[in-house]
Amino acid sequence: MKKSKNTPPKLAQKLLIWFLKDELAEEVLGDLDEKFDLTIGKYSSQKAKRNYWYQVINYMRPFAFKFLNFKRSNTMLRHNVLISYRSFLRFKGNFFINLIGLASGLACTLLIFLWVSDEWSVDKFHEKSDRIYQVLENSLNNGESITSPNMPGLLAQSLRAEFPEIEDATLVIPPGFYGIKAFISADEQFIEAQEQYVEPNFLKIFSFPLQQGNTETALNDISSILISESMALKLFNTTKDVLGKVVKWKQKGKDGNYIITGVFQNLPTASSQQFDVLLNYELFQKAHPNVDRWGNGNPYAYFTIKENIDVAALNLKISDLKKRHDEHAQSTFFIQKLSDRYLYGVYNNGKVVGGRIEYVRLFAIIAIVILTIACINFMNLATAKASTRLKEIGVKRALGAGRKTLVYQYLTESFLITILGVISSIFIAWLILPQFNQITGKSLSIDFSFELILALGAIVVITSLLAGSYPAFYLSRVNTSEALKGKLLQGFKDLWARKGLVTIQFIVSIVLIFCVLLISKQIEYIQTSNLGYSRHNVVYFNNNGLKKESYESFLYQIKMIPGIENASTTRHDLTGGNGHTTRLSWPGQTAGQSLNFVNLEMGEGFIETVGIKLLEGRTFNKKLGNIRDEIIFNETAIKLMGLENPIGKSVVLWGKKRRIIGVVKDFKAQSFYEPMEPTFIQAYPMVTKTMVKIRDGNEQETLAQLQSVYEEFNPGFPFEYKFMEEDYQVWYQAEQRVASLSKLFTVVAIIITILGLFGLTAFTTQRRSKEIGIRKALGCSSLKIVMLLTSEYSKIVFLALIVALPIGYFISNQWLGRFAAGIELDTSYFVITALITFALTWLTSGYLTIKAAICNPVQSLKTE
Amino acid sequence: MKETRLGDFEETILLFVGILDKDAYAFKIAEEFKTQTERAVSIGAVHSTLNRLTEKGFLKSEMGASTAARGGRRKRIYTITASGQKALEQSRDFKISLWNQFPLFSAQPELCT
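Residue numbers (the numbering used here), protein chains in the order written: chain A, -11 to 852; chain B, 1365 to 1477.
Just chain B, with the same shape it has in the complex (with noise of 0.2 angstroms):
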């Protein structure tokens, strides 16, 4: 059986793409990673996890333009699937479910958009 589950460092990626949209590629994520969560990463290791998520399929991906700065070579630039999509949102809404359980902060609503 496919594994559909969505991990943490999954799910961070997944946003990035989202965020980058026309610029995610695994290079771009990987810097937009370290500049945001000021951790490093390696491009492999973003790879790795974008393959991933593709075969999951809440990615799909096709090669894009070129630049000078790469030797003239492709890049591939990943997209969200709907499925991709609602794996985020599923997630998100968990969390929210659980955040409103824990009675400190339940009352906070611009937690819930």
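Isolated chain A (complex conformation) (with noise of 0.2 angstroms):
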């Protein structure tokens, strides 16, 4: 037996030593041992030892602690309880002030903790987070790197097989892959479903927990489906018995009928991938079987280390796999932690320039700023009132109390009203927290879990010790005699640390201000500008159970209806992934000269349909020529290609000879982040979606009709469409939230700075209440004092104003810097900033200082 499994846990021990007063720790550690002695002659060392923990956190008594001289302690820190609140009482106004302060900023720093977990959890639930990897590539085009998640088919293997560092490797097609839906159904209805294709081994990968089925085996079989929790009720109202059932599947070249091996459980929040449908890769392999081609990138491929492994130098020797299989090859490897992909998910160049981090650190920087100015406040209320507490503070030093006293003293009262603002911020939080969700479009709740009350408990700590420590030292600091006297410390210094205070909360907010500006400005531009064609009514849906001869009969009877302006097929909607290719040659190309041009496959009506603006030629007409044969340009390809009258020329796309029959007007095929691109268009009969035009008014009826028309020509599946606008929302939706978000704070952030200032200025006012009556007794006007009162504020706000719209122009231009079209930065908005800033402090600080100007003199003159 070893000798360790027969004395007491050393760890217990230790941390009895270092809590336990030092006189009591002979006897108790020997009463300990005894009993342990004892536990381990009846019953297993286990459980001695388990007694042994016990009997140590049973000492943690207020008796037995050595910080804690709890007897003496307790009488002053009643005291000091019973002093604070009797401030409180005596100084409501400053009291409340201080309190709804801390309150909202508190609340928001907690929403924004929250909310900078949540993103932070995000695929890190997975058994074998920190070593799973996901392999990227690095195409060039145009002398740019372009950054791509869509692998060759051949790369598992290829990994599995070459790479000893890597334990496995897995493909996944994720959902709605070439824009196809799919359907599943039990019985006639068929419904919409996520799927995804991946390889037998993805389980074992990925931790996403079966709770019926065999995680070895459940998708080894090519005829195998596994279903979510939440799929199984759909279909069956139950999870019961769902195994072995068969279920049909619609899906472009995958159609038929699978069984049921595997029901998972539903996914969580936190998982970046999200389907409720898993199927067996070779499936999707078979009915695509170009997939396995180097050349070719499809599936996503994610792959785990070996535990120990040089990350970097993987990474090395992965980047130029594809050159090594294909000759032809341009582009390289990456590997990135699938964790940090959904925080680090942009890519600049080839390299990762950031993503969703960026977002995350500046709300983090938004919750430490409004924290620190509502301890500002705290602050600055409470070294102002100190002059109207200077006898207290002076009675008690003449008493005998020390300046560790005071300090306590002070530090008792921020510390409870800091506890009174947390928990009064919880109950601010809780009651926003479904239009915060709603906003930010995540399902957050406020769960006690360890990790929020460690946070509330450090926010508690630091705040009150932020908040508390400059006035805790400031008075204590001062005079006996002095403060006897009724004297407050002289000296510019404390006059200016409070200005400076004032200051910097200004600063704060007037950066704040012009951010905002800024934001919403440019998410109003991005809404309201001239993308080239028009958005406005118009629907798609997918062609889903559409049979190519029927398409034409189709359309026409959907153009029919007298609601409809125009129909046409589409595969992309315009709102970005589409399609690239260098594979187009043109006349006069030079060697070595490739541009990367975007792919658009619609049909014929689709220019008109959408109100592209034609600048030469003719759009697609098949009474004219054969579609096939023929491609449009947009302004961009035409000069970039340097073509001169282009119409009728031929370029060669994929092989392939067309004829050029139009150019168009620019327009936005992407998101407002990219520049505008080369781009061509080619006519197909019939491709994946249907896109109509809708008259104004009635368009609800028109859509009733339109619905009719598509459950005749698509028997089972449901009429589902979306409007182009509300796509175009959707993918703006970032920008929306941290619009909205940063409206919501700046509010937050501007009342704090407000109740600081009317604080300060109610309490500067009753100050100089007897200046103010003698110089109105000899004959000063009340307009003179309002402006002695107020240009005192006004010249801080003008500090603060100089140094804030730099700041805000410079973290302005950079997040301007980001989209490719955008407002221009011009002095207006410096001007808008400043006559916001003024107006509030003007506002705030009016009432009183009028209040004060027009006062009767005899009033203030006469107390004493």
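Because the hints were derived from the structure by calculation, they are not lab data. A couple of the hints might just be wrong.
Calculated pairs, DSSO-like style, for lysine-lysine (alpha carbon to alpha carbon, straight line, at most 27 angstroms) [claimed, not checked]:
(1) B:K1392 x A:K54
(2) B:K1420 x A:K9
(3) B:K1398 x A:K35
(4) A:K487 x A:K373
(5) A:K637 x A:K611
(6) A:K325 x A:K116
(7) A:K839 x A:K850
(8) A:K610 x A:K547
(9) B:K1424 x B:K1398
(10) A:K758 x A:K783
(11) B:K1386 x A:K30
(12) A:K681 x A:K547
(13) A:K772 x A:K839
(14) A:K35 x B:K1392
(15) A:K9 x B:K1386
(16) B:K1420 x A:K54
(17) A:K37 x B:K1398
(18) A:K305 x A:K294
(19) A:K222 x A:K238
(20) A:K535 x A:K610
(21) B:K1392 x A:K37
(22) A:K611 x A:K601
(23) A:K509 x A:K653
(24) A:K731 x A:K681
(25) A:K9 x B:K1392
(26) A:K2 x B:K1392
(27) A:K54 x B:K1424
(28) A:K611 x A:K681
(29) B:K1392 x A:K30
(30) A:K305 x A:K509
(31) B:K1398 x A:K30
(32) A:K9 x B:K1424
(33) B:K1398 x B:K1420
(34) B:K1398 x B:K1459
(35) A:K(-2) x A:K37
(36) A:K710 x A:K240
(37) A:K294 x A:K274
(38) A:K169 x A:K536
(39) A:K(-2) x B:K1392
None of the values given here were measured: they were computed from a predicted structure.
Since each chain sits alone in its own frame, please combine them into the complex, following the hints.
And the structure:
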């Protein structure tokens, strides 16, 4: 038997000695040893150890603590709490300003904490999350690297075979690949499904636990299908005994009957992969044999590394993998940890440049800033009101209170108010959480997890120290005799400190106002700017059950509906996600010149449907020529190719000759982040979707008619349409969220700043009431007094503006720089910000100053 | 003002100190409590009570001998003070007077020692 088994646990002993009073150590350790010996004699050493821990923890009692000389501090604590309580009662206004400021600041911090920790948790729930990596590809186009997650289908087996560092690798086809939707049914009615085609080892790499079925074998068979619990409920109204049942599956090329071999638990929201059906990857491979070429990129590739692997070296080793297999390959691979991809998912020229982490950082900074200005309020008001509490301090000092005692008193006060603030902030946060969830698109909740309690505890300690430290140390410095005489500390330093703090508050608020102003303008610009086509009243839907042969009559029937202006088939919905190709050559192309074109596959009539402007030539028309031999370019493409008189000239696309029949004005086929790209349009008789332009008025009726036509041609499929305009909103959701969140937080910051200013004005006007009285008695006009009082704050605001506007300019310039097109920063924004700030300042301080100025001097002079 | 009332648990512990006499230290008292009441109590809880009783002046203590089982450490032996004795007697008398007022049991003389 090992010796350590018979001795009490070392850690517990250390803990005990750490907290226990020194004079008790001997007897207690002795007692516990005896107890341990006794227990080990009767039971296992395991139990004895557990009991030892239990005894140690039970010694955590006030009498035994080293640091807590409880009996003595108890009296002081009670006294401090009582004094704080009385001071709260005496300065009610001050107290509420402090409380509201702190509580709203803390509520913001709390919400941001919830949001940030939610963002952090994405994809970290996988058991192997710190070993799961994804392969990404950088391909050179037009001198710039473009990053893509779509890999050659041969990659996984190559990773498994050629890299001893790699434990396992798997391929995944994400939902709706190629824009083809999938449908599942247990009887006749088909419902839409989010499917993933995955290799059998998928469940061994990712932790998506099965509720029923065998993780090892569930995906092995090509005819097997795994469904989520909620999908099982939708299909069978139960999750019981669904294994072995057969479901019908509809997705182009993969139609058929599949046997359920597993039911997986509903995916956590923290998963970046969201699907409700899993199928065997081989199925996809059979339907699309081209995926198994090194030159093509389709599935996502994930792999797990073995423990203790040098990731940088592995990354280097993988980088030229493609070139080793495909001599024509120009692109390189790199790897990124899956759990990093959510936060660091934006690539520029082949490098990770950020992503959502920017928002996480931004809001973390905002949280700190808001908390800081709330603390500044507290400091300011506490020091300001010090003069009225000078007698109290003087008496205390005269009775022998040391500096420490006074520091403790003020820290107790700030601690109490912080606690109250935290409690109210939880309440406030709980109240606005539903709205917050709506804005952020998350489903956050306040559950008192260990982390949250820890964070709240930390916030209480930090805030109360931060907010209480300055007044505590400032006030404890006061000289006894001067304090008794009622003289405040002299000197510029303190006045400067206070003014400096207010200035900082204003700087922060001004920066926020400026940025919010710009962000909302930019968002507005995006939403109203000219795209080069009209999204208005354009709906689109999938051609789920349509047959190629009946498509023409389907379109004809749609166009017959009186409320419909035009209709066309389309693959792309002009919200990005377009295909690119470099395999297009044109007359006059020099060697080595290559352009990466956006490929839009549309139907005849598409250009008319969305109202893209034709500059030259004509649009597609079956009656005028074979549409499969024709092509239309945008202006940018023509300019970049350097073609003159392009109409009638021929280009070679994918080895086939195409005649240019038209040139259209540039239009936005992708996000505003990207510059205008060279684009061509090809026409097909039928592709995946149908796009319909509806006339204004009677939209509901028209849609109903559309639905009946749709159902006639697509039996069994639900009519699910989308307005392009709505889609567009989703596209800029991130920006909109940032915009509305920043608005919210700016309002809070402004409220806190204004509360602080209000408190301070109230205080100074009260302090100077006698001065005002004398001035008035000597014949000074009320207006002069108002100006005298406000000039002090106007100076502060002016100074803050000078500092804040360049900062705001710098920040917003960076943000605007991410958009290819946007508003110009001009002087009007600076002027508006300044005006808003001055207006807020004057409004806040105005009421009080005017009240002080028009007050009868007799009132202030007679009070002593 | 100092609290001088005797709580129920305190009274029991005080009695155990008297029963165990020369062997009255925290661990032994906790064990005795467990065997006699069949209720487990942590040594810390007993120690805390002993400490409180000392503060109230019902107990006094000094460091006693050490044994090998304690790793050579000494133990603190508690003894009842005169006021502790008095508090116990008062508590007993008070309970007996209550019992005597209870008509069903007032006839049982063995309670009155």
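Structure-based check of all given hints:
| no. | hint | in the structure |
| --- | --- | --- |
| 1 | B:K1392 x A:K54 | holds (24 angstroms) |
| 2 | B:K1420 x A:K9 | holds (20 angstroms) |
| 3 | B:K1398 x A:K35 | holds (17 angstroms) |
| 4 | A:K487 x A:K373 | holds (15 angstroms) |
| 5 | A:K637 x A:K611 | holds (20 angstroms) |
| 6 | A:K325 x A:K116 | holds (11 angstroms) |
| 7 | A:K839 x A:K850 | holds (18 angstroms) |
| 8 | A:K610 x A:K547 | holds (17 angstroms) |
| 9 | B:K1424 x B:K1398 | holds (23 angstroms) |
| 10 | A:K758 x A:K783 | holds (23 angstroms) |
| 11 | B:K1386 x A:K30 | holds (25 angstroms) |
| 12 | A:K681 x A:K547 | holds (10 angstroms) |
| 13 | A:K772 x A:K839 | holds (13 angstroms) |
| 14 | A:K35 x B:K1392 | holds (20 angstroms) |
| 15 | A:K9 x B:K1386 | holds (25 angstroms) |
| 16 | B:K1420 x A:K54 | holds (21 angstroms) |
| 17 | A:K37 x B:K1398 | holds (19 angstroms) |
| 18 | A:K305 x A:K294 | holds (15 angstroms) |
| 19 | A:K222 x A:K238 | holds (17 angstroms) |
| 20 | A:K535 x A:K610 | holds (19 angstroms) |
| 21 | B:K1392 x A:K37 | holds (19 angstroms) |
| 22 | A:K611 x A:K601 | holds (21 angstroms) |
| 23 | A:K509 x A:K653 | holds (26 angstroms) |
| 24 | A:K731 x A:K681 | violated (35 angstroms) |
| 25 | A:K9 x B:K1392 | holds (21 angstroms) |
| 26 | A:K2 x B:K1392 | holds (23 angstroms) |
| 27 | A:K54 x B:K1424 | holds (22 angstroms) |
| 28 | A:K611 x A:K681 | holds (22 angstroms) |
| 29 | B:K1392 x A:K30 | holds (16 angstroms) |
| 30 | A:K305 x A:K509 | violated (47 angstroms) |
| 31 | B:K1398 x A:K30 | holds (15 angstroms) |
| 32 | A:K9 x B:K1424 | holds (19 angstroms) |
| 33 | B:K1398 x B:K1420 | holds (25 angstroms) |
| 34 | B:K1398 x B:K1459 | holds (24 angstroms) |
| 35 | A:K(-2) x A:K37 | holds (10 angstroms) |
| 36 | A:K710 x A:K240 | holds (21 angstroms) |
| 37 | A:K294 x A:K274 | violated (31 angstroms) |
| 38 | A:K169 x A:K536 | holds (17 angstroms) |
| 39 | A:K(-2) x B:K1392 | holds (23 angstroms) |
Checked against the numbered hints above, the structure breaks hints 24, 30, 37 and satisfies the rest.
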